[in-house]
Structure formats: C-alpha cells, structure tokens
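Asker: The chain contents come next:
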Amino acid sequence: MADIIKNIEQLQEKIKNCTQCLNDKINGKDGKRHIVVCGGTGCLSSDSKEIVETLKRLIDEYRLNDQVTVNMVGCFGFCSQGPFVKIYPEDRLYHAVKVSDCEKIIKEDIIAGNCIEQLLYEDPTTKKKVEKQDDINFYKKQMRIALHGCSLINPEVLDEAIGYDAFKALIKVLSMDQQEVINEILASGLRGRGGGGFPTGRKWQFAYDQKSDEKYVICNGDEGDPGAFMDRSILEGNPVSVIEGMMIAGYAIGAKNGYFYVRAEYPIAVKRLQIAIDEMRACGLLGKNILGSGFDFDCHIRLGAGAFVCGEETALLNSIEGKRGMPRPRPPFPAVKGLWGKPSIINNVETLADVPYIIRVGAKEFAKIGTEKSKGTKVFALGGKVNNVGLVEVPMGTTLRELIFDIGGGIPNNKKFKAIQTGGPSGGCLTEKDLDVPIDYDSLIARGSMMGSGGAIVMDEDNCMVDVAKFYLEFICDESCGKCSPCRIGTKRMLEVLNKITKGKGSLQDLDDLYELATTTKNNSLCGLGQTAANPVFSTMSNFKEEYIEHVTDKVCRAHVCKAMTKFEIDKDKCKKCSLCARNCPVGAIFGEVGKVPYEINQDKCIKCGACMSSCRFNAIYKR
Amino acid sequence: MAKVNIKIEGHPYQVEQGMTILEAARACGFNIPSLCSFKDNRCSLASCRVCLVEVKGARGLVASCVYPVNEGMEISISSQKAIEARRHSVELLLSNHKKNCLQCDKNGKCELLEVSKMVGAREGKFIGDMTPSTYDELAPGLIRDTSKCILCGRCVETCKALQGIGILGFENRGFKTIVSPTQNRSFAKSPCIQCGQCVLVCPTGALMEHSEIKNVDDALKQGKYVIAQVAPAVRAAIGEEFNEKIGTSCTGKMFAALHRLGFYRVFDVNFGADLTIMEEANELIERIKNNKVLPQLTSCSPGWVNYLEYYYPELIDHLSTCKSPHQMQGAIIKSYYASKHGIDPKDIFVVSIMPCVAKKYEKIRPGQESKDGDKDVDAVLTTREIARMIKRSGINWAKLEDDATPDDDLIGSYSGAGVIFGVTGGVMEAALRTAYKTLTGKEHQLIEFKEVRGLQGIKEAAIDINGTIINVAIASGMKNAKVLLDEIKQGKSKYAFIEIMGCPGGCVNGGGQPYVKPMFLPNEDDNILDTYISKRASILYSEDEKQTVRQSHNNPDIIRLYDEYLEKPGSEKAEELLHTFYNNKREKYPN
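These protein sequence lines are chains A and B, in that order. In this text, residue positions in the first sequence follow the numbering used here: the first is 1, and each later residue adds one. In this text, residue positions in the second sequence follow the numbering used here: the first is 1, and each later residue adds one.
Bear in mind the hints are in silico, worked out from the structure with no lab data behind them. Since this is a predicted model, take the numbers as computed values, not measurements. Every clue listed holds true.
Pairs of lysine-lysine residues, derived as DSS-like cross-links and limited to a Cα-Cα distance of at most 30 Å, are as follows:
| hint | chain 1 | residue 1 | chain 2 | residue 2 |
| --- | --- | --- | --- | --- |
| 1 | B | K3 | A | K342 |
| 2 | A | K623 | A | K567 |
| 3 | B | K176 | A | K563 |
| 4 | A | K25 | A | K271 |
| 5 | A | K323 | B | K479 |
| 6 | B | K7 | A | K337 |
| 7 | A | K337 | B | K39 |
| 8 | B | K573 | B | K340 |
| 9 | A | K608 | A | K415 |
| 10 | B | K221 | B | K346 |
Okay, chain B solo, but in the shape it has when bound (with noise of 0.2 Å):
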C-alpha cells in the first residue's frame, strides 16, 4: 500500500493511501469524536458533523470521516475553530435528544454520551421546540424511540447495505425528518424481519431491543418454575458487558450467575439443539430419500424465517419444518420434563436467554405451543438484558467460579454439536456430524467438517458420504441468503441442504449480543470490528473441541428422551412437539 505524508497538528506522519482523516488520526493516535461513521468509512453518511476538523487550503472545515488524506496534507484537530465547531454539532443534537439518560437502558454503551463528554458539550445551549417523535414498542422484537435519534443513518445503511432489506428510510423533511419504516409505520406493520442489526449499530438509545426482564420479574415473583435455558452463542459474548476482553470463554460463569438469579433450573439450550438435529437430519434423509423438495432450508433462524416468508414465500416449502432449537427445549420442558417431575407445565415459565431479538417474535407465532395452547417460551431475554440482571443482582463477575454448568436433570447434557449452532456452518457441521452415522451406519473419522466454517458470507462443500455426494451451502446475512434463494427460484441450485443465519456470522454476531463499540473498548484492537466476530465464533469451536460427546446422537439425554418419550426422530409424538408450519407474509405486504 502507497504510503503519503501528512501533518497532524504540525507533526509529521506517514499514513496509508486512501485513508479517511478519521482512520488516518486514529492511526496516528488521535481519536476524532465521530457518531455517523460507523466500521470507519464503509458506513457514513457525514452527516452529523461531529468529526470536523481543519485542513490547510480547504475551504471551510471537513469531515474527516469521509475525506480521504492526501500528500502534504496539513490537518489541525485541536485548532480554537474546529473545537468549537465539534461541540456546537454535538450540543445542536443534544438540543433535539430526550436525554434521560439516567434510566435509558442505553447508558454506558451510548456514543452520543460518550462524544458529548469528549467534546465539553455545554448545559442548555441551543434550546428549542423538539421534533414530533414516535415511540413504536408493538414490535415483539424491537423499538424505536425516535426523541432519541440523532438520524446518523447507520440503521438505514445496515438495513440496506449489509441485509439488503431497507425497511428504515428518512421520512419527512427538515427539522420534522424522523429514521422510520416507509410512512413512519411500525417495525410490527412493515416487512421488518427483526433481525436487529439496526439496534447493535445504533450509536444511541432509539433502537433498542423490546425488553422482557419485568415477565420474568413478574413470574418469579408468582412463584412460578422459572426454567432458563441459555443459547450457544450467548457465553462467547457475554462476559464483554463485564469488561471481559472479546473472545474471552465465559461458560462457566455465565452458568455461575445464571444460577444466582432465583431460576428454578438453568439448562442449555444446546441440548436442543442436538435435538434439533436429531429431527432435521432425519428430515433431510427422508426428503432425500423420497424425492421430496429440496435443497431443504434451516429453520432455527428466526429472522431468516421472517425473511423467507415477507420476500420469498414461494419457498416456503424447502424449509425445515424443525422448531429452532430453544423452541423444542421450551416445548420438551413442559411436556416430558413437566410430566417426569409431575408439575403443571401451566406453573413453568420458561425463560430462553437469547442472542437474538428475533426470537422475541417467534416465541409467539403461532404453532409454537402445545395442543393446550401453552406457549413453548414464555419469555425471551438478550445477552443484554441478562447482563443487566445479572448486574443489579449485585454479582461480581470477577469473582464468579469459572467452572459452573447447566443443572443436570434430564435434560442437563450436551455435544459439542449442539454449542457450534451459535455459528455460521455450525448447523450445517453438526447435522452433517449425525447425517453421516445415520446414513453409513459409523461415525466419521475426523468428526469435523472443516470446509464449511468459516465467516464468508457465502460458503459450499461437497461432502462425500459413502460414496454419495451431497452439496451443501451455507449462507449468513440476508443479503447473502438472497443469492442462495435466487439460484433456488431459478431451478439453478444444486444443494440438497443449505444453512441460512439471519445475522451476518451467524448468532455469536445476533441482534441481541452485547454492543461492540470502539470508543468504549479502549483495550481492543484497533481493527476489532474486523474480528470480533471470529474470536466469539472460536470461544464455540474449541468448546466443542473440549467436549467428549461431539455429535447430537450421542448425547446420553437425548438418547433417553427417544427411548422413553418421543421414540424416534420424526414420530407423531415429534411432530407434535418439535416441528411446526410457516405463512405466506407477503399477501399483507402485496408490493
């Protein structure tokens, strides 16, 4: 890469070619408040004005978030002219923010706060009439609290850009312009597939996931079988709302707090997710077997589901009938659980600690209940929002035992299958893992399918099973997705079986993980955007590495739930319980 060289504050340097001001300085180890940029350049709109600095010969101040250094560029950060002109931008957006920040759930990963206190933003300056807002909580997923945007656009551009959807646009001109679905209408009554990439790029608390920490409140306070079950992709990012380094392996205390909030059993949600596999292997094998629709399409994703069922309806055939993972856990709870400890499966709330907000919707569509009309989950709560639990618990994180699991009754066990679920070709390698016993008869040797990891958006294998064939593909992000379903539209697939994840990385990258923010992690890496979803995806594969069971099959509770319940993969009993029917969307959104 060319190098050129530049003066910051009149001390030389020499950066990268193509730089933005804004990388380049924070190369060079200035740190320019900036609230619309978002991943550097690959996200800006400069549009806030808060990154202004002065450049020798331009004319007037630039944004150095998008503007590309250049040779023998002369840049002032600290000049009287560009101070003061970064703090009137922020102070003109406080003007116009509700700021009660002391009860907004975004406190502490707010950028606006965090800017405000970089650049000296003054009490009462500026004060005036506030925009008409919106505050829109019917989504189950998200909501959208427009007092509080400061309409970087962020949300907009990772709608757009990284899911390909553009749900959020900019309605309304001047000083009335509000970030909103088409018409300013609810997430709840637009083809929104509440994946909540939205909210982890949201720099404050407009976007946020639709809390249900009172339910459990509420349930624990009736006394109820409050029963947590925690997803995989959950312990690889938890412990970074306790200042964990990213990457960190928190399993042990995840379990260690989870077991200090008052639940009444704490059990992992890994558990169905070999079950899941038990069910969608054997439904692969018999679509393959009989003729039947393929390529067959993961379920376990919510928001992918969503997607499949706004955009491309005409599909909805491939996919798994399966429940998600935590779905099937709620609905085995309350049924073989429930009976085998003889309680009213009315008496048991279930709690499912997600990284997802999606999962907040798909706990209560229809067809995720018992014949009873019991709903499988009762109520879905964030990597966030347990953090926060778990912080005005009073718990000292650092001073949690490490080595902390699930509680073991029943259903207590798990594979290392069922923990990589919470990766992009995490599904895909553990429904291979149990395909190939059931379709060979043996184990296969080397247990891993390496080919299909990694964080490509895109990915395919060609797996050979005794001699058979079976293409497989493996696709995360909706933009992604897109060309897989396109090839399926055009009659040009040639996979018998394809993973989707509705986030980018799959659930270790989830809508309702922890927020990665660079200004707040000051002992990060610089390119952390870069990786932190790899170092999340790794805390999963080495604890599959660890485990002795490495494959759904094996798992002993699973073994005993088919010999004394549910007998096998795809009996009546197990499509009752575990599998489920999907709608066409789109007839509510014709256009």
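Bound conformation, chain A alone (with noise of 0.2 Å):
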C-alpha cells in the first residue's frame, strides 16, 4: 500500500525525488545501465514482450542484476522499424530487433561496452549507421507533446510518470480558480484532437456556465479510424498525463468523476489506465480531497464494445449509460444535457494529453507552435505507401510534404505518389498539388478533407481511387448505426453505385446518381458520421474525376486493382516457359508446354487472383 500523499508539499517532494531518479537513470549517475524495450502494440506483435523476458533471463543468468534493468516503455513511434531496443545512459537505439539478438546485446553492448553496429539503424539515403534516435531523420522535425514520456517512461509504474512532469499542472491548477484555467485553456488557442477542431476552452467554458450538482469529464478514447493508434499509443504510453489532462478538465468545469470510454480492442491501453488509476487511488491522487485542496475526482473505465459510431460524441453518452450506441440528436448539447442528462464535456485523448503540458509551461508557449488558428502539435498515425510507417506528433503547420518524404522517408519502391486520406472515413484525399499545404484544421477542410483523429494513409499509383472511395463506404456502410434513414440507407445506395462501378457495369449516370446521393447523405443525416460519410467520394470524385470516367466509359482501371476491368497476361519474350505459374494456377487456366511453348492464359478461366504473377520469377507476368 503507498503512502498518501496528503499535501502539495509532500507531491512536490516526491516530484523532486522520482525526477532525480529518473534523471540517475539516463545519465547513468545511479552507475547501472538501463535497457528499455518498446512495449506499444506494433512492437509487442514483433514479440517484444519475449524480448523482455529474455534479456531478463540472460540478465540472470549473467548476474548482472544489481548492474543492469530492463524495462517496457510506450511507443517510440516508428513503428516499421521495431522493436525498439534502448540502452541508457548511452541513448543508443536499436532497431528491429530479434528475441535471437538479445544474447548478442548483453554479451557484446552490456557486458563488453561495444555498439553493436548491425543493430543499428541504417540512414536509407547516406547509408549511415545511426546511433542515437534524435539523428534518425524520422524524428528529426517531430515535437513531442502529446506523446510526452511515451517512449522514455515505464507505463505501468506511477513514479516514473511522476518523475517525468506529472502533476506539476495539477499542482498550478490546484492553486487557480476554475475560470482561470479555462482562460488559460482558451488563450493557448487548443482545439479538440478527435476530429472536429472545436476550441477545447470554449467547450469547458459551456460546461462551466452550467449549474448542476453532478457534471462529467469524459474521455473519448474510441478510436475506431482504420489504421489508427494515435490515442492508443498516448494510453498505452503515458496514460498518467491523460489522467492528469482529466482531473484538470474537471477541476475547470466543476465535474467529481470522470469517464474514460476506451474500445475493448486496446487491452494494453485499458491495463496500463487501469494500473495508474489504481495506483493514484492507491496514493490519494484520486478520490476524495486530494492533497488537501478539497477537490474531489475520480475516475472510470468504460470498454466500448467496437463499433465505430461510438466515437460520436452523443452516441458515447448513449453507450455508457447503457444504451445501443444511437446518437441523440442536438440541441441540446452534452455541455448542457449529456451523461445521465448532466452537462458533460467530451475530450479527444490527444487533446487531454495536451492539457498538463499548456498548464505547465504555459497558453503562451504552447499557442506559439502552429499556425494562426491551429495551435500546438498534432499526432499522426502515418500508414499506407511510406517507407516509414509509424506514429508521427508534428507542429501544425508542417507540410504534408515533409511529413510524407522527410519524415516519412518517401514512397517505397519508387512508385509514384498519387494521394493521401487524411481523417479517416470521414476525411478526404489530398493530392500531389496539395503537398506544401500546411497541416492545420481549416486548411484541410478548405482542400476537402480533414484533419481528423490522426489517420494519415499514403496513396500510390497502384491504388485506384474508385477502390479507395468504396473500402472506405463498406466502412462507414458497416458502421452506420442505423438511425437515420440518409446514412443507412444513403451509403448503402452509394456503396452499390462503387461496386457497380468497379465491375465495369457502370455508367455516366451512375456517376451523377453517385453525386446526389453523396449530397444527400451530406446534408441529411443526423451525426457527423453520416454527414461525412460521403466525404471520400466527394474528395476522389474531385481530384480524379478522369479516372471515374475511365471505369464507366472505357471500363478501364489504370491501377489494375478492379479485377473485373484486368487481364493478366504472359509476356512471350519474357516467358522462360518453367511452368511454375501454371502450376501454382489454383483454377487451371494457364497453358504451355515445359522449355518449349512460351505460357498464356486463358482469360475465360482467368479468376484474376494473381497467384500467376506472385510466382513468376522472370517478371514475365503483367496486368493490363
């Protein structure tokens, strides 16, 4: 059992202690070395949890226990190139690491002081070793404040949040008056990091202004954007400082008990939570009267069970309560009428991780990152066609250019890049005359798509448009709730229009049909899901009308991804007639002769599988 903290002074005094531990650690004053493994999910998938355990065992079995410590800390981030391995007080990463290189990592790092160059990351341009994260170009243009401590501290053990600037806003708060921290709030210019960019102070403010004896904090850790894990990361990371982030929220708007609405398919984000709650609990951070200042907050969990919708802001409120995620319709707002019909505020993850950090060094500092109107940083879940896939915090304002080619290394294999989905589902592509935009909320909106949770997915030209439009329409399709009449049956009907398309049955007027049923579906339905789920139609109708014309007209996909309008063909000259496509046919329908009748197929037959292509080892093999 922890002692309670009872007092500022006595949290200042732990703050003081757990911050010169951790800082022993890195800088090797405490004379023991410091191995940290990443523990986010990408890594733990490459088995970093065994390569815990190992160096563990091997630590052991070297006895070097009083020597050395291996710890997991969150997500460092670039992701394609993990598991991450870190070695303190040299600050030296390696990279990709395999259970099979631990012993290798003792043997020659720990014990014998070498760097072991191969573990190292490679500069793919200088073809360089890199030794230290902060030279890798990855992270070169990256600021990290959402994802604070994410990379650097143990999730699972509150001191080291502690010791990494934990609570330090909190005490600040503590010693303010709540419309003083709404100011504060208000003047660093931050916007909700969910989607829809709502200043996040006017937000409080509302809540604030409502008289009520019970109000609510909710934290919206429902991301459900394909290819997302922004807010993952932060909860898998440091989840401490979105705890912090909510108890500042609270304090503001005069709520006692917070919720965290977290998709049960992020168990390690719900366990680490769970831990620091339990822990702050357990040390009276949590609770009643906390250190003496007579505010009284506590947390908790709420698991969503999955689906998509609830990441709307009523539909979150219905779920928690109980209820079939259904939205409600607005007004009134949840800032008047939301949990159990008391005022609620209803935050992004990201933004609550933003808050300790505007409290703490200041609305001024953190308003003077970004643009005019977006302030701060922003985290990017940076997927698709890029070399350097992974988890990207930028300043606002950084071109998409520089976050598709500096930090994310370019497209692989030299292909060209066609276009980039930003916000997901209800996002839209941005192309290659938009890459010197600058990342903000409404220079996104104004080029048709927007910013979103964080979803960044990379396009290149072997991907069709007309495709990318319909993945993203199943989705939504999938998702609709099922409420109101546009979106359920709205998507449903542009989702047919998409598949008739890219069968190669379509017609010109499918295409205006398309049009008015994305406008339809746009100005009809009730919650933002509905009323953006025509988004990626709308945004690759625009910026690749020509290729929409092509599937109708010449029934031709230019990426050859709709199978109906491909043809797989055999190249004669190429052919070296080894057999090995027609072998590996699953339906038969190549022909030839071994060493002496080049290899074709027959097109009736053809399913279009490509299992031909993959085999072929003389390149011989195209699409048409």
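Could you fit the two chains together into a complex? Lean on the hints.
Answerer: Here you go:
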C-alpha cells in the first residue's frame, strides 16, 4: 500500500525525488545501465514481450541484476522499424531487434561495452548507421507534446510518470480558480484533436456555465478510424498524462467524476490505464479531497464494444449509459445535457494529453507552436504506401511534403505518390497539388479533407481511387448505426453504385447518381458519421474525376485494382517456359509446354487472383 | 409563456418559447412533413430526416421536430435545398420499403404514403437491395413486417416510455438494422403483452393487428350461427373510420351497420360487462368478508393480465378470477342461449368486436372454453377490422339509420354501468354501484361515483359504504400499473380493489381502435392527440346517463339469467362458465 500524498508539499517532494531518480537513470549517475524495450502494440506483436523476458533471463544468468535493469516503455513511433531496444546512459537505439539478438546485446553491449553496429538504424540515403534516436530523420521534425514521456517512462509505474513532469500542472491548477484554468486553455488556442477541431476552452466554458449538482468529464478513447493508433499509443505510453488532463478539465468545469471510454480492442491501453488509476487512488491522487485541496475527483473506465459510431460523442454517451450506441439529436448539446442528463464535456485522448503541457509551460508557449488558428502539435498515424510507417507528432503547419517525404521517407519502390487520405473514413484525399499545404484544421477542410483524429494513409499509383472510395464506404456502411435513414440507406446505395462501377458495369448516369446520393447523405444525416460519410466519394470524385470516367466509359482501371477490368497476361518474350505459373494457378487457366511453348492465360477461366504473377521469377506476367 | 419572434419564409410570427420548429410552424399555418416525430416532440428520435428545414446561420439543415425556436430565428421551409433534402430522405426510405400499397391494410392511414405525396417523391429513385426482412405472424394479436418498417422508432419509444416495458428495440447495425423484440424473436416468443399500443403509432404497415376477417368469412360461408358481440368502447370510435369527428356518438349507426353484415344475431358486450360486475363485485365482497387476499385486481383487460403474468406473477392471487366480459358472454351464448334456442353450441361462431388486439390472444388462452372444449369466443375483430368489413360491404355510413339497437333476444339488454367499462375508471364505478347495493341493500343515491373518473394515469378514492371506508385505486397503462403493483409487493398497498387497464385511458384508447393521426384529420383541433381519449370517453359517459337502467344488477336480462340458469353470483355454474385461472409466465423468461 502506497503512502497517501496528503498535500502539495509532499507531492512536490515526491516529484523532486522521482525526477532525480529518472534523470540519474538516463544520465547513468546511478552507476547502472538501463535497457528499455518498446511496449507499443506494434512491437508487442513483433515479440517485444519475449525480448524483455529473454533479456531478464540473460541478466539473471550473467548475474547482472544489480547493474542492469530492463523495462518496457511506450511506443517509439517508428513502428515499421520495431521492436526497439534502447540502452541508457549511452542513449543507443537498436531497431528491428529479434529475440535471437538478445544474447548479443547482453554479451557485446552490456558486458563488453561495444555498440552493435548491425542493430543500428541505417539511413537509407546516406547509408550511414545512426546510433542516437534524435539523429534519425524520422524524428528530426517531430515534437513530442501529446506523446510526452512515451518511449521513455514505464507506463505501469506511477513514479516514472511523476519523475517526468506528471502532476506539475495539477499543482499549478489547484492554486488557480476555475475560470482562470478555462482562460488558460482558451488562450492556448487548443482545439479538439478528435476530428472536429472545436476550441476546447469554449467547450469547457459551456459546461462550466451550467449550474448542476453533477457534471462529468469524458475521455473519448474510441479510436476507430482504419489504421489509426494515436490515442492507443498515448494511453499505452503515458496514461497518467491523460488522467491528469482529465482531472484538470474536471477541476475547471466542476466535475467530480470522469469516464474513460476506451475500445475493448485496446486491452493494453485499458490495462495500463487501470494500473495508473489504481496507483493514483492508492496514494490519494484520485478520490476525495485530493492533496488537501478540497478537490474531489475520481475516474472510471468504460469499454466500448467496437462500434465506430460510439466515437460520436452523443452515441458514446448512450453507450456509457448502457443504451444502444445511437447518436442523439442536438440541441441539447452534451455541455448542457450530457451523460445521464448532466452537463458533460467529451474530450479526445490527445486533447487531454495536451492539457498538462499547456498548464505546465503556459498557454503563451503552447500558442507559439503551430499556425494562426491551429495551435500546438498533432499526432498522426502515418501508414499506407510510405517507407516510414509509424506514429508521428509534428507541429501544426508542417507541410504534407515534410510529413510524407522527410519524416515518412517517401514512397517505397520508387512508385509515384498519388494521394494521402487524412481524417479516416470521414476525411478526404489530398493530392500532389496539396503537398505544400501546411497541415492545420482549416486548410485541410478548405481542400476537401479534414484533420480527423490523425489517420494519414499514403497512396501511390497502384491505388485505384474508385476502389479507395469503395473501401471507405464499405467501412461506413458496416458502421452506420442504422438510426437515420440518409446514412443507413444512403451509404448502402452509394456502395451499390461504387460496386457497379468497379465491376465495369457503371455508366455516366451512375456518376451523377453517386454525386446526388453523396450530397443527400451529407446534407440530411443526423450525426457527424453520416454527414461526413460521403467525403471519400466527394474528394475522389473531384480529384480523380478522370479515373471515374475511365471506369464507366472505357471500362479501364488504370491501377489494375478493379478485377473486372484487369487482365493478367504473359509476356511471351520474357517467359522462360518454366511452368511455375501454371502449377500455381488454382483454376488451371494457364497452358503451355515446359521448355517448349511459352505459357498463356485463358482469360475465360482466369479468376484474377494474381497467384501466377507473384510466382513468376522473371517478371513475365503483367496486368493490363 | 414567453414568446419569441421568428420569421418563416420572411414573414414575422410570434410563437411560444420552447416550441420546436415543427410545432411553431404548425401554429403559424405551415405543415412540415415528418415521420418519426409523434405527439410533436414528446416522442422523437430525429431519425427519419424528413422534416428538414433551413435555418439562417445554422450549420446545415436542421430537423425541425427537435430543434427549438429561438428569438430572431429565420426559417425557410420552401428553399430548394430543403425541399430537395426532404424529398430525398423520403425517396431513400421508399427505396427500402416494400411497396405493395394497394393491398396493404394501412392504405389510407399510411403516413409514409401521405408524406411521399407531400414531398413529391419520384418513382424509381435510388433503387437497390432491400434489408433482409422478417414477417412475424406467430402472435395472435400482432403482425410485424419489417419490410415495411422505416425505423422511425415510435413503437420502440411507445413500448418503453408509455408502457414501461421495452419489448421492441433496434437490432443489427447499418443497412441490416431492424426493429424487433430481442434477437429478432417473435412477439409470441417474447414477454410482449400484445396491448397493441405500438400498432397505434406505427406510421406504416410494419405493425398491424393480426386480422381474423377471413375466419369470420369462412364461418359465414359455412352457414354457422355467427353471432357478433360488440364491446362498449367500439361505439366511441368506429365513426372515425367513416370520417365522423372524434367524439361523435355512433351507437345507432354501428348497430345498423352490424345488422347488415349477415350475422345471425348482434349483441352488446355491455350485457357481458354487467355479468362481470355481478361476479366481480361478489368476489370482492367475499374476499373482504373472508379476509382473503386483497387488493383484488380487475381482470377484464387481457394486455394487463399478460403483464401481470409476465412481470408480477407473484401477485396472481390478487387477480380476479372473472373472465373478461366478452368471454363471459361467449360462454353464456354457447350454454344458456344455445340451450334456450335448441342450437348445438358447436354450430355457433361467436365474433367479438373489440377495441383491442390482446383479446385476439385472450380468446385462445387456456381456461376460456366450455367443459367440452368449445372456445367461448371464436374470433376477435378490432374496430379497424369491422370498419373494413363495413366498407367492403358497400354500406354508406352517412345514410345509415342511427337508432338501431342490439337484437332483443335473451341477452340483448344492458345497463349504463356496462357501457362505461370502455374507459378507465368505468369498471370501478360499475362495480361500486353494485357493491353498494349488495352491502347496504339500497341503491347509491347519486348513482355516479365521479371521483373515479378522469384520464390521470393513477386515481384513487375512498368510498364510504355504510360507514365502512373502502379504498380503491385505478391505473391505466402499464407504467402506471407498475407503481401500484410495487406497493402491493412491498406490502404497502392500502387498497381493497384496484382497476387496471392495459392501455392508457382504457379501452377507448385500445390497440384495436382507429388510428388518430393528425395528418389525416384536417378538421380536428390542433391538440387532438391530447383530447381524443377524453372525447371518446365522454360518449360512453353520456350513453350511461341516457340509460334508464344504470346498475348491472338491475339489468332485466341479467336478473333472468341468474333466476333461470346461474342461480346466484359465484354459484357452481357461474364458476364453471364465468371464471378462469392464470399462469406464471415469467418462468418462460427467467431473466
């Protein structure tokens, strides 16, 4: 049982000790060496847990227990290169570590003191090995505010968080009055990181202005965009920062209880959050009369059952109340009538993670980062056809070009960049002409996309944009709650038209119909999900109209994605008559004679599975 | 009430603060089409997106059924954007709606059809797949056809908020969403009480009564003695099916029409109601005298009986063992009446015309048949169904004589007490009139017990009978009944007798009554949804006043029945024919 921290002085003392402890570790002043291993979801799925266990076993075997520690930390962000192992005090970063590398790390680095060159990241352009994290191009333009402490502290140990700035903001806030806190957030220019970009301070102000015996703070951790894992990584990497943000919000609006609504598919985030809450309760940082200030606050976790629509704030409220996750009409807004009819604010994980920083360094400092109307940083989950897939936090105003080419390292296999989808299924795609656009809320909307929660999926010339629209529509169609008719039926009808087009059965009339449906769904739907459901259609239609027209008039899919319009053929000159393709064909559509007659594909039989193409060792098979 | 200034289409209006745009527009003389909203904003999910309008300064179109007016608001209903949006919403609904309108029993009262006309929906727009549908006809009372459902959610809200039950909900997601009892079970396989309140609010043909017109046709074809008996509440509303204003008394025309449909005899269930009072008052007095289980609960509403069996089975002993009036009357027709006329009961086919869909279930309950297994009642038609039969027979309602009466044949007479059975509080009042006489030996001077009248959900009264105070209570609608039942469960109930009706307001607002939908009632007041129940109820009270015989025990046919056949209330014969038993149905649904 941890000791109760009774007042601010005791907490300050604790902060001092923990900070000293953490700094000593990083600087090596404690005379030990410390190994940290990435415990983000990506690395965990690449055996980072086994790496930790193996390292611990080896340390036992070599009797290094009093000289070396091994800890798991939050996400490093550079997911395509994981799992990461970092060694302090040298600040040496090993990438793509396998369980089989552990022995080498202990023997050559920990015992012999040598840097293992082959485990260092190699810069793809200069071909030089890079030892320190900050020298890797991927990290150079990044700035970690929301991800503060991720990849540094052990998220399952409260003292580590306390050693790395936790609760400094809380202490500050407890000496301010509620309106001062709200003013600070207003002055920082912080806007909601969940997608809409509504000014956070104004949201708090609305809830503060309501007179009520009970109010609630809700943290929206129902991250559901395909390919997005920003909130997940924050919760997994530094849950205490989000709890602190929630406490500050609770203090500001006058709430005594907060709810974390987290997807059940995020078990690690939930576990670490629960550990943090339990530890904080145990030492009196949650509960009644926190630090003797008279401020009562506690928080609770509610698991989402995997419905995308529950990320919509009113559907989320229904879900917490145990009802079916269907959006409520607005007004009344949640700030007036929210959870159980009480004034409530719903903030995204990343938004709340930004709050302690703003209070700690001051709104002015925060407002220096970013563009005129979008302050601070934004975390993106960079994915798709880009070399450096991972989690990226950049200042607002960074251009897409910097994001994709400098941080992301460009497109693999020298393919041509075609588009980047931001904002998930509610967003839109941006193209070559938008590459130098500074990323902020308003500029993305002006170009037909949106910030969204931070999904960023890069597409190259091999992506068919009609197919991309279809992919997102399929997602939305499945995830529509079914409550309002434009979304329930409109998305289905759009999907039907897109299916028709990608099957080569579309006509120019279908394009008009699609546009009409998209407009109706946008204008008529009840909630944000439906109102933005057509965005992928709008943005692909406006940016890639010619692709749509090719699909319906010429029955051509230039990216060779739409099977109905794609043929696999064998280049007779390149064919070595080896028969490998014919043997791999699941339907016996390829005929020829080994060593004598070049192989050919019977188009009537071919099911376009592509097995022949991937089996051919001479690039003799192509799509047309 | 504070007023706000708004503009609609540029014209200034003053409306009450707190109104929705839809209400305000209606008050100012505009009709905005809407489907999901019902009783204005009291039941609205804003889900159909048919009532969209443009509001200056608002982000996008707004759903007028939930959006409140505020000072200076400028509303445009007829902007091209709004007109097109409303039409598209309807066209999308139609693209996923089974359009067999010509054969649909809802035709004429289908709000979707009416709204389609209003918005000018075009043929063949947005054609595509249909949601996989369910046709549930297993329940005797109700039919659910999801192929016609537009998922407005009115039934869901009604079952949950009005009746406090919540059988219906949304199942599945996206395009596969349907409204159904949990796991898309049949009504028959869920603890649904079959009150039919959901049917009353359904804008389309997705929820309907389970029609038995064909069964009646078959019986007529077979040349059976088809005897019709009509419940008190039917006369209070049947005229509405023939464009009479709500609250128009149609007893004479109703009997005139029934006499023209080929039935062998037409009787009034008011006789059965009088009989029920004789038995139920006797049972109450017996319970009081012998210190048996009290309070006694009435048993004439089958939806309510279902509710008790499903949700409060531990209170079954409180329920009167009396069959409901039409079941009693059916039993008498097939015994006393049949023997008097020398007709084989097997050749008799009793058709009850009821304001109720739960009665369709009640007639097949165990314990509602003779010793030989003949069902007391063979078919139950709702008010809506009998109106359909009248319409198809070519009868011109307007030209019917309006002083026709039931056949005067052994059981043709009735008292005023029987008439008021159709409204909440009526059974109580009728029982009190007879109980007073039985206990005191004389008639109550005023005849009427006005303290038990009115449409409040829960009423109570203390009746002084010769110095003995009898506490009584009345509830209609299951949400209200629950309050009284919980009191009994906790041992806190002070009442001796409680009347409970399944439908709010009693039988006049039964699930089988004509639909009250403002869009089809241009000549009714704006607040008709607030007043129709009391308007219907007043018909019954004024008919009671007109009767020379006001008490059940003074009905001459009742007196003769006891003299010649039953002997006395609660006799062995009466027990056999007029009383029944109940079952614990919760066991079927332990959770």
